[in-house]
Amino acid sequence: MSEDARPLLEVSGLVKRYGGLVAIDRVDLKVPPGAIAGVIGPNGAGKSTLIGLIGGALTPSEGTIRLDGEDVTRLPASERARAGIGRTYQIPRPFLDMTVEENLEVAQYSIAPFIGAAAARKERAALLERAGLADASSLPARALPLLRRKRLEVARALALKPRVLLLDEVGAGLVDSEISELIALIRSISDHRTAIVIVEHVIRVVRECCGRSLVLNFGKMLIEGPTSEILANDQVAAVYLGTGGARTRADDKAAVPPEGAIHVRAPVEARTTLAALIAPPAASAKAPLLELQNVAAGYGQARVLRGVSMRLQEGEAIAVLGANGAGKTTLARVIAGAVAPTAGALRIEGRDVAGLAPHRIAALGVAHCMEGRRIFPTLSVEENLLVTARNGDATQVRERLQAAYDLFPILAERKMQIGTSLSGGQQQMLAIARALMARPRLVIFDEISLGLAPVIMDKLYDALALLKNARMTLILIEQDVDRALALADRAYVLEHGVFALSGAAREIAKDPRLRHVYIGDAD
Amino acid sequence: MRHPTKTCLAAAIAAASFGLSQAHADEIVIGASLPLSGPLAGFGSFQQWGYKRAVDEVNKAGGISVGGKKEMVKLIIRDDKTDPNATAANTETLISRDHVVAMLGSCTPALVNAGALVAERAKKPLVTGCDPLEAFKSVRKWKWVWDIFFDEPDLASVELKAVADLGAKTNMKIALWHDNGPDGQVVGGQIWPNVAKQFGYEVVQNAEFPVDNTQFTSIIGEAKSKEAEVVLVDAITPQAVAIRKQMAASGYTPKVLNIEKGAEPVQFAEALGKLADGVLVGGYWDPSFPYPGAADLAKAFESETKLSSSQHIADSYAAAQVLLDGIAAAGSTDPEKINAALAKTDKTYVVGPVKFDENHTAKLPVVSLQWQGGKTVVVWPKSAKTGDLLFPVP
Amino acid sequence: MPDIGVALSTIASGVLLGGILALTALGLSIVLGVMRLVNLAHGEFLVLGAYAGLFFLQFTGVDPLLGLPVIALLLAAFAIPLYRWLLQPLADRGPEAQMMTMFAVSIILQNLFVLAFSADTRSIARDYAALPLTLGPITVPLIYLIGFAISVIAILIVNWVVSSTAFGRDLRASAADAEAAATMGVDVKSVRMLTFALGVACAGMGGALIGAAFQFGPSSGGAYLLNSLAVVVLGGLGNVLGTLAGGLVLGALQSLGGLTLGDGYRDLVGMALFLAVLAFRPDGFLARGRP
Amino acid sequence: MIGKAAAGGVVETAVILIVAAALWFAPAFAGDYWLQIGFRALIYLSLAEGWNLMAGSAGLVSLGASCFVGLGAYVVFGLLNKLDMPPPLALALAAAAGGALAAFVSPALFRLRGLYFTVGTLALAELLRLTMINVSLFGGATGIFLAQDPPDLPALFHCALVVAFLASLAITFCARTRASVILRAVRDDEDAAAQMGVRPFRVKLAAFALASAISAMAGGVQAIKLGAIEPYGIFGLQWSIDVLSMAIIGGVGLRLGPLVGVIFVIALGELLADYPEAHVAIAGVILIVLIRFAPRGVVGLVAYQKLASRRPATA
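Chains as they are written, first to last, in our numbering: chain H, 1 to 523; chain R, 1 to 394; chain C, 1 to 291; chain E, 1 to 315.
Do not rely on the hints blindly, as some may be mistaken.
Partial list, derived from the structure: chain C residues whose beta carbon lies under 8 Å from chain R [as the list claims (entries may be wrong)]: (1) A245; (2) G258; (3) G262.
Heads up, incomplete: computed chain R residues facing chain C, CB under 10 Å, no partners named [as the list claims (entries may be wrong)]: (4) N59; (5) G63; (6) V66; (7) G67; (8) G68; (9) I219; (10) F268; (11) E270; (12) A271; (13) P290; (14) S309; (15) D334; (16) T348.
Here are the simulated distance ranges between beta carbons [unchecked claim]: (17) K169/R - F117/C: 40 to 48 Å; (18) R111/E - G13/H: 24 to 32 Å; (19) P69/C - K306/R: 52 to 60 Å; (20) D357/R - I282/E: 42 to 50 Å; (21) I282/E - K169/R: 52 to 60 Å; (22) E202/R - V285/E: 56 to 64 Å; (23) L135/C - A168/R: 30 to 38 Å.
Read the hints as simulated data drawn from the structure, not as lab findings. All residues carry an ideal CB built from backbone N, CA and C; glycine is no exception.
Work out the full structure: start from the sequences and follow the hints.
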């Protein structure tokens, strides 16, 4: 990395406007060959937009992008890919109906249609080996779990033999051991001819890989410099990391929440405020609110849950933990009725509800705050909330709306806006409020903190704590073990479709086997 | 790869097994492709009745003597869905799979010609009754196909002749509207302008429209603004209904309104009710015609089907009779001999005398009909008339 | 060049006719927008509505335009089993399966029309359908104005249902993300069934209007399907008010085309416009630019 | 993997060659009826192969087959009547015209994805038909007659065989070589494919133009056989619908789908020909049942059952 080496990737004065909204505002970035640059910032700061602009999926409103001195600003994505810019998607988009190997062929044959078959095969084998997918080469991509799909994203981008590689949140959702593998992989890719740009929430990846980093906030460059300095910078910590992510330091009020959103009232007051959103406890609680007995479920021939049993009493909060692909979300979908169990019993207050349509289960008081938020893009914020408010008269619905707006005042401000025009964190608040609008007996929160900045996670968990105090029955499905265990009464740990561990949250937190589940056999 | 191949094989065998079901050796097989569905399904059902009746009558009388042996006639009818491609395909199938000795035609030039071209190529006789002669002749010099129908110039001039003859007075301004189908172009584009001039009319408008057009407001508006008191229209029934309604809704009522082709079936009057009154249409047949069996034919149709009769039962019935007589005269199922016998046809049928000219056409005489109270009345020529002209159009 | 009275009358009729076209297209728009289904049997539903109007008049003696709500209900009742047995089982099978099923329904219906009602051209003969309405130099058919008014009212009602009622909210939520909607408590199957019924009911009303204003037969459906598709694309998929605007624009431009090039070019102008909009404003010409 | 696919391609090409060569001699012993059926099947096979290429490989569901059939027919008739061109040359030019029209309209049609493309092709066919009807140069609604006498049936059969052969070879190329990977990538996710360096527009255009050229050529052969064309028949929606139902009945995206679909639909038509009053409705019912119970078409049904019986409930 010589000083006079001209930058391989040079972004200058980049602006992206959507109507009146400025998603990227005059961003500059120079990455010389051999360097790895990090881009960090809170959710909604424009990081993925920046990747889209450099990759060519989006067209910039202003500014230029140069690859090795050549202006590629106006080239479509395909031409940029051919010129040597490879990217991954934050949410992997493999070609689902093609095999893993064929996914790589797409890139190979598009840049070199006449490459020798043997050479191409060798190249693919090497790439798959490197990405840890060698055993899956002839599986259809659809069969891969999320984590392996992410690896396929990287392998596929590498098959382009890119000079500039853009990695968008490849670390999200990985456990420690996997992150170590990822870091090793990134380092192995980096050589003196390649420039890499990493957008990442997992700070460890940035810290260990990136020489220099850029912090984005509200589409603007906040600061740029050597990564170690950036991470030590107080300003950065304030906007991005909040309090450093640890609940223990939640007393630090200096952190300005970028979403500025959640109104946290005193618990007592909260209880009355939230009353409209929480179903009163059943008069006579004979049977447990929710009971699963040896439930098995899956998709087609893939069995994901292989017999899980659990009981949940009214007013309890439980956490369901486990590595990626262990079946956590499938469990949530089974309880919500989106996936019918293939075996076993699913009871709500003693009534067998296995195979009941989702809307019937919802009518029994089960609300599901779905993974990925799933905000209806054609409905306004308020309409999104009203969709679930099905079991009340006009007055009750008004009370619930008021309560939801009290919980998340930002939603009241934006109630006439289209739901998906909100930022990620705000959308997550909307998703939570929407689940509550049903005035449910039980809420399943599925990965509500995924991809959010720590400070927003804190705020969301504050809201959950209020709910718990108000004796709402909760199921937390969570990657973030510490947060979930801090809130839950009990926890279940899924491994390969069965509960490997269960018990009081405090016990589980101390149990060494928990670590083993995540690190030992995780995949 | 292997299993689907077997499927193909099985399907092919299935296809083969029904292809082999052949006619009995002691039958004379004739066939027809008719529009039993699609826009022209109305014509097709009349034709089907006419064809079947002629064949049934012959069979009731013991069949036709071929090579000294009486044989029954078998009529195979296929639906062409008002699609010329299907007419052609049906005709091919009739010839190659059903081994017909001769065929009867479909209806309207597009469909008839499609089938006729196949018959011509396969050298099988085909007699048709629903293809105006000029449109028929314009296709080619026919060797195997015979057409019994009216001649467009006759039909095109009949109404103006009638109007002149019956002494109806107008401002002599005439508007001509016609579709751009084969017969529409011949009648409206070529014949009418000349005939109108002959009779001393001033042609103030000559408008052409496609066969599936449904909006005629600008055409009607123009005629109205040019004060045409005589309007001649050549259009199929749906358009005829549309035009009449839209004329009324535009407040335009000429003194003489003639709608060729489309105003002919009863459905025209049924769809329009009172609006149909006064509309003139050329006809080539009416049960009142003094030909053998004319009245009986209409009565038989009406008692069998409970529907109002149409002139299409007569031309189809006559066409089938001509063909059957030709086979009988040939005394053989050899296409060459049947074709030669057809050329010698000279007999009076239910539609009048039939004798083919060198173009393989036999012209039917044309009369002027007018809708009055939901029924057609022959208003001209005086020799055939069954009622008086309603003038002007109410 | 035609005289000014003719020109004005033609354009005025065109715009009014456009309103009627909008009603005929409304059912298609709803079904296409919510269920992503190109309902190839839409034209046949229109024809069915026209027959319903005709027989309604024959049996009850009540004017079919007054009986529109009854006709709408009849058609909706016809649509529900159709959806339940034919379309619902295919809900997760991509758009082609449902589209082809509706095509099969369309040819079956056409065939049944011929068998049951003969292939005759029909028209609902009402006196008001043959009356002109004159305003200065402009003459338009009275029935066009009546049809236009009915159409606007029907479209406004449907728009209100879709944008301001709980059912409309469920409908839009199901259209956007069916799985999430179901999880949020929406009975997606019922919503889709009712949406389909609503679409067919609208088609039935449009058909009865066509029956009174124009003429129809068993095979008239195809032409109306294409015109309706043009209206829907002009107005934007699933955009109820856009359908009205699309109808008006199509009607006006078609009559301009008819005026300057001849009536034969009406449909040609319509199709050219349709393709142009598809090419340059795929969300309909009303849509604001996509972000 | 790639080796296997390539080997499959070689085998497939060989099979096509052998079958085509065998069929070449069919007129010597098959009766006229079988030649007529064979001709129809070959024309439809060409159209259905093209459709399958677009839909199954590039995700373009077309309702515009009639557009290119009609175009091919008019081009061939024009060239034969006005320039007295030899038929093979006229057919080649018809194919070129089909490809050219596809290229010309693709910027408009490809802006649209999914349903819009389908609707767009439908409108395009209608636009072309209306143009032919209204412009007297093209014979208006009367259409055009072929001036010369059409060739005899065996010659026409050979013509159709050549078109179907070329179509099958082209599809084999697209399905068995590297092109297939690129095509499927575009079908699955256009944006992601672009990020892999694939140029989706060109790929879709290539598939669309190839299918259109094949369709136009098939339309030309059909027109020569008819001897007379007019817009309502040759641009009829029936073509598009027939092709679509054949492809769906056979199995979308499956190599043998078009062949099986064509045989099935033609056999069905011939079987029901003796029930003219209800045959359309019966065909409709059969279509509904097949769509419902054979989602991947007849081929998919058979293949899946074999698979299921061989290894129950694993994978």
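Hints and how they fare:
With a cut of 8 Å, the hint placing A245/C at the interface with chain R is violated, because the nearest CB-to-CB distance is about 20 Å. A hinted interface residue such as G258/C counts as satisfied when its beta carbon comes closer than 8 Å to some beta carbon of chain R; here the least separation is about 5 Å, so the hint holds. The criterion of a C-beta within 8 Å of any C-beta in chain R is met by G262/C, whose closest approach is roughly 7 Å, and the hint holds. Contact between N59/R and chain C, as hinted, is not supported at the beta carbon level, the nearest pair being about 27 Å apart and thus beyond 10 Å.
Among the interface hints, the one on G63/R is violated; its C-beta lies about 32 Å from the nearest C-beta in chain C, farther than the 10 Å criterion. Evaluation of the V66/R hint against chain C yields a violated restraint, the C-beta minimum of about 36 Å exceeding 10 Å. Proximity of G67/R to chain C is violated relative to the hint, the smallest CB-CB distance being about 41 Å (cut-off 10 Å). Interface hint status for G68/R: violated, as the beta-carbon distance to the closest one in chain C is roughly 43 Å, over 10 Å.
Checking I219/R against chain C by beta carbon gives a least distance of about 5 Å; that is within 10 Å, so the hint holds. For F268/R, the shortest C-beta to C-beta distance to chain C is roughly 7 Å, which falls under 10 Å, so the interface hint holds. At its closest, the beta carbon of E270/R sits 7 Å from a beta carbon of chain C; the interface hint therefore holds under the 10 Å criterion. Contact between A271/R and chain C, as hinted, is supported at the beta carbon level, the nearest pair being about 4 Å apart and thus within 10 Å.
Taken as an interface hint, P290/R does not check out: its beta carbon lies about 30 Å from the nearest beta carbon of chain C, beyond 10 Å. Because the beta carbon of S309/R sits about 14 Å from the nearest beta carbon in chain C, more than 10 Å, this interface hint is broken. Here the hint on D334/R is broken, as its CB sits about 37 Å from the closest CB of chain C, past 10 Å. Look at T348/R: its Cβ only gets to about 32 Å from chain C, farther than 10 Å, so that hint breaks.
K169/R and F117/C have their C-beta atoms about 42 Å apart, which keeps the hinted 40 to 48 Å range intact. Between R111/E and G13/H the beta carbons are some 30 Å apart, a value that agrees with the proposed interval 24 to 32 Å. For the pair P69/C and K306/R, the beta carbons lie near 34 Å from each other, so the given range of 52 to 60 Å is not met. Distance hint for D357/R and I282/E: a CB-CB separation of about 44 Å, consistent with the stated range 42 to 50 Å.
Separated by about 58 Å at the C-beta atoms, I282/E and K169/R satisfy the suggested range of 52 to 60 Å. Checked against the hint of 56 to 64 Å, the C-beta distance between E202/R and V285/E comes to roughly 58 Å, which is consistent with it. Range check, L135/C to A168/R: about 33 Å between beta-carbon atoms, so the 30 to 38 Å window is met.
The structure fails to meet hints 1, 4, 5, 6, 7, 8, 13, 14, 15, 16, 19 from the earlier list, while all remaining hints are met.
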